[in-house]
Amino acid sequence: MKRPITLLLSCAILSALLVLALYSFSNQHIRKNNSFLRIVLKDAFSSISGAELKYNSYYIAGATRDHVYLANVTAYLHLLVLKTKEKDSTGIALTDSTEITLKIKNVERLKFKRPRTSVMDPYFYIMDGVMPGLYRGKLNEWKADSFMFDKAAYFIDGIPFSSKSFAIKSISSLTDEQVLGRIKADSPYVKFAPGILQKQIDGKFCTDGMLHYDRSTGKLVYLYYYRNQYMVMDTSMNVLYRGNTIDTISHAKVSGAAISSERAYTMDTPPVTVNETSCVSNGLLFVKSPLLSKNEYEDAFKLQSAVDVYDLKDGTYKFSFYIPKFNGKSFREFRVVENTLIVLYDQYLEINELNAKYFSKSESVVFK
Amino acid sequence: MIIEIICVLFIILFVYAALTKLLDYEKFRVQIGQSPLLTAFAGWIAWMVPVAEILIAIMLVFIRLRLVGLYAAFSLMVMFTTYITCILTLSLYIPCSCGGVLEKLGWKEHLVFNIAFIILAAAAVLISYRKEKPIAQIVTAKVN
Chain A
19 MKRPITLLLS CAILSALLVL ALYSFSNQHI RKNNSFLRIV LKDAFSSISG
69 AELKYNSYYI AGATRDHVYL ANVTAYLHLL VLKTKEKDST GIALTDSTEI
119 TLKIKNVERL KFKRPRTSVM DPYFYIMDGV MPGLYRGKLN EWKADSFMFD
169 KAAYFIDGIP FSSKSFAIKS ISSLTDEQVL GRIKADSPYV KFAPGILQKQ
219 IDGKFCTDGM LHYDRSTGKL VYLYYYRNQY MVMDTSMNVL YRGNTIDTIS
269 HAKVSGAAIS SERAYTMDTP PVTVNETSCV SNGLLFVKSP LLSKNEYEDA
319 FKLQSAVDVY DLKDGTYKFS FYIPKFNGKS FREFRVVENT LIVLYDQYLE
369 INELNAKYFS KSESVVFK
Chain W
121 MIIEIICVLF IILFVYAALT KLLDYEKFRV QIGQSPLLTA FAGWIAWMVP
171 VAEILIAIML VFIRLRLVGL YAAFSLMVMF TTYITCILTL SLYIPCSCGG
221 VLEKLGWKEH LVFNIAFIIL AAAAVLISYR KEKPIAQIVT AKVN
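Going down the list, the sequences are from chains A and W. Residue numbering for the first sequence follows our numbering, beginning at 19 and increasing consecutively. Residue numbering for the second sequence follows our numbering, beginning at 121 and increasing consecutively.
Because the hints were derived from the structure by calculation, they are not lab data. Yeah, the Cβ is synthetic: ideal placement off N, Cα and C, and Gly gets one too. One or more hints might be untrue.
Selected chain W positions facing chain A (Cβ under 8 angstroms, derived; list incomplete) [said to hold, decoys possible]:
hint : residue
1    : ASP144
2    : THR159
3    : PHE161
4    : GLY163
The shape of chain W in the complex, shown without the other chains (with noise of 0.2 angstroms):
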């Protein structure tokens, strides 16, 4: 139920965050262009981010792909997070580049709202391990 939960959660999350940049690609490609850190990729992150958000959250929709997208999800929660803190620590000044409501974030509060999803994605692939174990112990089992 909880690993459940957290994907919900975060398909929320990545389809929303995804539409907002899909849905103004003009702004969302200029935006990245002005970050420090991207200038030199604008033109492929533009398209690699919001694309590998949809297809995190269509692998968590089916429970087969469910652990890879939720090991994928933390990954890219994992490099949102480098790059904020790259951005606040080490960059000369700070751009800004999030969709929709998460623009209204502060980068202190994103930060924040990142590791948690990133706690929350780390949580949901422990807890699936623990689950699976018993499952797998009944087949072999079975077999013997």
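If we strip away everything but chain A, and leave its shape as in the complex, we get (with noise of 0.2 angstroms):
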């Protein structure tokens, strides 16, 4: 009996070492350290208060001065919004917090496909690109109604720029390439900037990005997932200049192929993200950037996740600051509303104080 015994586990030994060989031969390119430094600020932010979320699938349509609002992805008539500045003996508190039913006037439910829901004080907005749809509503009223003529455009990823208008990343029906575009309430509703977006691989994944809009400066920015570039717009999308994040990779590693029977056409490497998620706010672009630099130690990234931070008037880098991962797990999202840092986990919401000396007093700001 003693053969077989042996025998398997030789053969469970060897089976699990082939996987593992792969495994660590796999990774090895995918960290290493790349030639770009970072200059790191430890006191940039501090603490205040957190709020264990019961779901995961939140994410943050958006933030004022005193609260924050958490969209559903599952749920998208459901609206979390937590208080930010609250202030109790020990700070600020978060414990505050109230489930809102979003209603939408005249419409059937079932015809959303894709919907996103976008919080930009005094107004709420429901999007959907794929239905396609537009619907807006007073904060504290939760009543949205279609306000503008909505059915000219599909969209992937809009944000309001101001009462009326929006911005988009759309696919091209001429070129089947992502271009990004505005949507306004008179004619002509829909215009298109091609030559925005500059294609290296594909025109789908390789121009991939993320639009922002930043309120205290009335400037668009769009920045890349695969490659170390964004530009910065005006709103009615003229390209001011365009800047770039400081790791070296200049050109999107991406790969994607289709799938006849989905009728998908999808990535079919992993790619290389340069820049994982951002937000502006008061002039600043803050990048969660995965790329180790120079003068990073090799388990840097163990524990935390590095921000960079940008200043947008000239697209200059300014310094870099680590938010601590949350049970071993990297934040989602964050936003920066004036003073304050609200950092997005997977079920966990962290609200923290950007330290005066390194972020200037942003200057009010009045919604046009």
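Taking the hints as your guide, dock the two standalone chains into a single complex.
Right, dumping it as structure tokens:
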């Protein structure tokens, strides 16, 4: 009986080793030091309070001076409002949260395909680029209504930049490639701005990125996921300048493939993500980067994630700071509002106060 | 009898798994490529896995090859299980690349499913040794 047991054991060990060898080989070329430097601030912010969340499907719909609004991917009419500035003896407490059920006038629920909520004081918007549809309501009233001509364009991602205009990321029907554009309340309702996104590989994944609007400076920002570049634009979508993030990946490393049985176009290798998530506030661009710099230890990202800060005035790199991981996992999204840094993990929201030494006071912003 | 049942289970599992992969090879290839562990070898693995599954299934059909087939099935299941464990514990993100009904299993369920099949294979191997022994003794007795 001894022989089969030793045979089975050696089979098991060999098989396991084979897979582990594959793993170590594949992992090698992902995280190596890159030739750029990071200036890391140790005291960029201090934690104030946090709140456990019931679900991991929340995303940040927006934030104002006193509140964070969390919308939910799986329950699109559900909104969780948390106070960020209610002081008690220990400082600021997040304990006070309100669950809100949004209402939409004159719309059949099932028509929604990919609704996303965005809060921009004093309004909240529900945008669905696949339906397509645009709805708007007032914060605290929570009743959305269709408010402008919204059947003009399909889009992947949209952000409001004034009470009746949106910047959108869409797929051009002419070129089948990603294109930026805007939707306005008056004719021409939709205007695309081809030429802003620069194709490197397929025009679909290689140009993918994040759209932001900075209210304090009135600028639109588009940051690529897979290369070290971002564009700063005015609200008419004229590119003011193209800035670079500190890393050295100027050419996107992505590869797409079609699956005919599913009529889908998808990535066929994991992409090299340069900019994972980002936000803009008060003339600054905050970027979470998964790339190690030359002056960081190899295990620098074991317990924390790096955020690099750029000045949107001229695109210069200012400094970086680390945001700690929570239960071993990096944060998913973050926002900066005035001196508050809001960080969303899978099921945890943390509120931090930025150090005034590095982050100057913002001017109050009037909504147009 | 137990060995036969286990073999049939493995044949069904492997033939089913291989066919769902090969019938939509394009999709399987892409999914393998998306895996953070297998990217560099996607082209090879996308062929080798279904071919290995079918070969093992054929081995299990023939009595002479059955024992080797069981060892191979055992090893393959250990590889799959190691892979899932790596993905669940070491990987930054979790992709999905199982065919057909198996696609509906969660990673944790998949792990349990795999371990169950590893135990089945090991059991079948051990039982087949126990059975062979007396036969072997009779044979030697005759020779003597």
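Status of the hints after comparison with the structure:
1. ASP144: 5 angstroms, holds
2. THR159: THR159/W check passes; min Cβ-Cβ to chain A is 5 angstroms, inside 8 angstroms.
3. PHE161: Nearest chain A Cβ about 7 angstroms off; hint holds.
4. GLY163: 10 angstroms, violated
In this structure, only the earlier hint numbered 4 is contradicted, and the remaining ones agree with it.
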